[in-house]
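Q: As a plain string of letters, each chain reads:
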Amino acid sequence: SQKIEQNSEALNIQEGKTATLTCNYTNYSPAYLQWYRQDPGRGPVFLLLIRENEKEKRKERLKVTFDTTLKQSLFHITASQPADSATYLCAGSSNTGKLIFGQGTTLQVKP
Amino acid sequence: DAGVIQSPRHEVTEMGQEVTLRCKPISGHNSLFWYRQTMMRGLELLIYFNNNVPIDDSGMPEDRFSAKMPNASFSTLKIQPSEPRDSAVYFCASSPGTRGLGHNEQFFGPGTRLTVL
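Chains as they are written, first to last, in the working numbering: chain A, 1 to 111; chain B, 1 to 117.
These are calculated hints, taken from the structure and not from any lab test.
The reader is advised that the hints may include incorrect statements.
Said to hold, decoys possible - Quick partial rundown of chain A residues pointing at chain B, CB under 8 Å, derived from the structure:
{"id": "1", "residue": "Y28"}
{"id": "2", "residue": "G43"}
{"id": "3", "residue": "P44"}
{"id": "4", "residue": "F46"}
{"id": "5", "residue": "K55"}
{"id": "6", "residue": "L89"}
{"id": "7", "residue": "T96"}
{"id": "8", "residue": "G97"}
{"id": "9", "residue": "K98"}
{"id": "10", "residue": "L99"}
{"id": "11", "residue": "Q103"}
{"id": "12", "residue": "G104"}
Quick caveat: nothing in here was measured; it's all calculated off a predicted structure.
From the three backbone atoms N, C-alpha and C, an ideal C-beta is built for every residue, glycine too.
Chain A extracted, bound-state conformation:
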C-alpha cells in the first residue's frame, strides 16, 4: 500500500542548531510533497509544498528537498528556536488531491 514514513522518535536539538527531519515514501510516486506543523490540540498548519520536478524549496528559515531517486524528502529548520517545537507532518499528494500523511516527527528545541 502507499505509505509515507517519518521517524517516529522525537528529535531533540539545541536552540540555534539546524533541525533535519526525514520523510520517505513507498509504493507510489507523489506528484507533490507537503509539510505541515501541528501543535498539541490544534489542526495541522501548512508550511511548504514541493513538486517532484523541484529539487529544493525555501521559505524563511525552512528548506525542503525532494529526491525522487531516494524517494525521500528532507525538511530543515535553520537557527531553530524553542517556538519551533511541534510535530511536523509530511504528506504526499497526487494530481487527484488526495493526501497521504506520515505519522509525524516531534521536534523539541531546548533553550
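Dock chain B against the given chain A, drawing on the hints supplied.
A: Just chain B, lined up with the frame of chain A:
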C-alpha cells in the same frame, strides 16, 4: 476569514448512539476533506469531496460511517452506531483547488475530539 469551522469541539457519547460532526469550509474553497487522527494510526483520510461530489471514500472504515456535503458551505460526518474504537480526533479541511487538485495546501479546522464510552 474565520477559517474552517467544526462543531462540536468535544463530544462524549455512549456506545450505540448516533454521532454527527459538522464542518463549514472556507468560503470559495471547492475541496473538502474529512480525516481521523489517533496515536496508533496517525492522520487518516476518510473521504473527500470536490465541488460537493464525493471523489474518494475508500478511507471510510465501514458502513457505520457516512458523509454528506449538501452545499458548498456545509458538510457532515455521521457515525451510526458509534463504538469505543471510533474515539479519535476528527478533522475537516478545505482546499481552494485553484491550481489543480493536488497542488493546493489544505486548511484544517480545530478538530472534534470524540469519546465513545
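Q: Of the numbered hints stated earlier in the document, which are not met by this structure?
A: 1, 5
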